[in-house]
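Here's the letter readout for the chains.
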Amino acid sequence: MGKIEDVPVINGEGFQLSVLDKVIATARANSVWPLPFATSCCGIEYMATMGSNYDVARFGMERMSFSPRQADLLIVAGTISKKLAPILKQVYEQMAEPKWVLSVGACASSGGIFDTYSVLQGIDRVIPVDVYVPGCPPRPEQIIDGIMNIHKLVKTESLRRRYTDEYKHLMESYNIDSNE
Amino acid sequence: MSRLTLTNEGVLETLKNQFGEAIISSETPYDLLTVEIDPAKNTEIIKFLKEEKSLDISFLTLLGGVHYPNDANREFCVVYHLHALVANFRIRLKAYLPASNPTIDSIVSIYDGANWQERETFDFFGIEFKNHPNLVRILNEDSMDYFPMRKEYHLEDATREDKDDRFFGR
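Chain order of the listed sequences is A and B.
Taking my numbering, the leading residue of the first sequence gets 1, the next gets one more, and so forth.
Taking my numbering, the leading residue of the second sequence gets 1, the next gets one more, and so forth.
Just chain A, with the same shape it has in the complex (with noise of 0.2 Å):
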């Protein structure tokens, strides 16, 4: 401590007001942890945007995290089988709170063009979805539109929003215990 006594303060320097919540939610918004849940082509497309071409580092994204416990984005990319969706439920229920759902491409989105018995007709069915990027598969630059339309909710979301009445409907919805 004895060093930072040396220094002159002046008053008003130094120090910032801001309201927390926000300081948060910008210091969340700059540090997304995605788990890429790859499966297919769409997988591929983002591999070229987690290189240095797209580079998702520049928005605090670099570190993949193949861990569901330490990842607070979950990028499903690819098509989702019907055997697959309890395991694809089962990553989701175990990231923490607060943690979002990136569908990219047609067929996490809705199935695409696997209208078939085996396929799932669009992973909201076994997971809530916040931000769906079309396109079959999308480019590079419409999963970075797409990761940036989860950044504007980071930004704006309550920092508590797992308390709220919503999204605890909306796991219900989904059988999903969110007191975990």
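No wet-lab data here; the hints were simulated from the structure.
Possibly wrong hints are sitting among the right ones.
Simulated crosslink set (SDA-like; lysine to any residue; CA at most 20 Å straight-line) [to be verified]:
| id | chain 1 | residue 1 | chain 2 | residue 2 |
| --- | --- | --- | --- | --- |
| 1 | A | Lys-83 | B | Asp-145 |
| 2 | A | Lys-83 | B | Asn-101 |
| 3 | A | Lys-83 | B | Cys-77 |
| 4 | A | Lys-83 | B | Glu-156 |
| 5 | A | Lys-82 | B | Asn-101 |
| 6 | A | Lys-83 | B | Lys-130 |
| 7 | A | Lys-89 | B | Asp-142 |
| 8 | A | Lys-82 | B | Tyr-153 |
| 9 | A | Lys-82 | B | Glu-156 |
| 10 | B | Lys-151 | B | Cys-77 |
| 11 | A | Lys-82 | B | Ile-138 |
| 12 | A | Lys-82 | B | Asp-145 |
| 13 | A | Lys-89 | B | Lys-94 |
| 14 | A | Lys-82 | B | Ser-143 |
| 15 | B | Lys-130 | B | Asn-101 |
| 16 | A | Lys-82 | B | Arg-137 |
| 17 | B | Lys-151 | A | Ser-65 |
| 18 | A | Lys-89 | B | Ser-143 |
| 19 | A | Lys-83 | B | Lys-94 |
| 20 | B | Lys-50 | B | Phe-19 |
| 21 | A | Lys-22 | A | Tyr-117 |
| 22 | B | Lys-94 | B | Gln-117 |
| 23 | A | Lys-83 | B | Asp-123 |
| 24 | A | Lys-83 | B | Leu-139 |
| 25 | B | Lys-151 | A | Phe-114 |
| 26 | A | Lys-83 | B | Leu-135 |
| 27 | A | Lys-83 | B | Arg-137 |
| 28 | A | Lys-82 | B | Met-144 |
| 29 | A | Lys-83 | B | Ser-143 |
| 30 | A | Lys-83 | B | Phe-147 |
| 31 | A | Lys-83 | B | Ile-138 |
| 32 | A | Lys-83 | B | Glu-141 |
Pairwise CB distance ranges (calculated) [what the hints assert, rightly or not]:
| id | chain 1 | residue 1 | chain 2 | residue 2 | range |
| --- | --- | --- | --- | --- | --- |
| 33 | B | Leu-139 | A | Ala-96 | 27 to 37 Å |
| 34 | B | Leu-62 | A | Met-64 | 53 to 63 Å |
| 35 | A | Arg-139 | B | Leu-4 | 55 to 65 Å |
| 36 | A | Ser-173 | B | Asn-70 | 54 to 64 Å |
Backbone N, C-alpha and C define an ideal beta-carbon position, used for all residues, glycine too.
For chain A, the structure is supplied; the task is to place chain B on it using the hints.
Only chain B this time, still in chain A's reference frame:
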């Protein structure tokens, strides 16, 4: 050592001599000997083809199912593709089953490789393989309550709601 050579006629003759009535008919599309067999004799015939020294047809290339919904009492077909690796000779066996009781003996005791393929055929066509060690679904989700490759079921997912036929070209 002389190389073993097999011909369509020779193998068919051997089978007919050995099994008589159980060999129902035969054809040779694209020069591939295709024999319709009595489904009750499938294990005997496949075992004979494998163990008979003069044939040595000892490799199971493929086992699969077919659904012919319009053929009364022979709606289901189990197809076996076998290969004699030494003589490089291929043969196809077909056993037709009625939809009322699509059951046939498992050949896992002869070819271990049939284990997966019989499970898969059960999974998609509902053909029961008697004495299979573990006849449960293998590729589809366990909760599925029908056999999707049977032709009475639509290919499209029955639970779809958001895909309006007007926009999806059906």
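Hint check results:
no., hint, result
1, A/Lys-83 to B/Asp-145, "14 Å, holds"
2, A/Lys-83 to B/Asn-101, "28 Å, violated"
3, A/Lys-83 to B/Cys-77, "27 Å, violated"
4, A/Lys-83 to B/Glu-156, "17 Å, holds"
5, A/Lys-82 to B/Asn-101, "29 Å, violated"
6, A/Lys-83 to B/Lys-130, "26 Å, violated"
7, A/Lys-89 to B/Asp-142, "17 Å, holds"
8, A/Lys-82 to B/Tyr-153, "17 Å, holds"
9, A/Lys-82 to B/Glu-156, "14 Å, holds"
10, B/Lys-151 to B/Cys-77, "13 Å, holds"
11, A/Lys-82 to B/Ile-138, "13 Å, holds"
12, A/Lys-82 to B/Asp-145, "13 Å, holds"
13, A/Lys-89 to B/Lys-94, "43 Å, violated"
14, A/Lys-82 to B/Ser-143, "10 Å, holds"
15, B/Lys-130 to B/Asn-101, "12 Å, holds"
16, A/Lys-82 to B/Arg-137, "14 Å, holds"
17, B/Lys-151 to A/Ser-65, "44 Å, violated"
18, A/Lys-89 to B/Ser-143, "16 Å, holds"
19, A/Lys-83 to B/Lys-94, "32 Å, violated"
20, B/Lys-50 to B/Phe-19, "15 Å, holds"
21, A/Lys-22 to A/Tyr-117, "46 Å, violated"
22, B/Lys-94 to B/Gln-117, "15 Å, holds"
23, A/Lys-83 to B/Asp-123, "14 Å, holds"
24, A/Lys-83 to B/Leu-139, "8 Å, holds"
25, B/Lys-151 to A/Phe-114, "18 Å, holds"
26, A/Lys-83 to B/Leu-135, "18 Å, holds"
27, A/Lys-83 to B/Arg-137, "11 Å, holds"
28, A/Lys-82 to B/Met-144, "10 Å, holds"
29, A/Lys-83 to B/Ser-143, "9 Å, holds"
30, A/Lys-83 to B/Phe-147, "15 Å, holds"
31, A/Lys-83 to B/Ile-138, "11 Å, holds"
32, A/Lys-83 to B/Glu-141, "5 Å, holds"
33, B/Leu-139 to A/Ala-96: 27 to 37 Å, "34 Å, holds"
34, B/Leu-62 to A/Met-64: 53 to 63 Å, "41 Å, violated"
35, A/Arg-139 to B/Leu-4: 55 to 65 Å, "58 Å, holds"
36, A/Ser-173 to B/Asn-70: 54 to 64 Å, "45 Å, violated"
When each numbered hint is compared with the structure, violations occur for hints 2, 3, 5, 6, 13, 17, 19, 21, 34 and 36.
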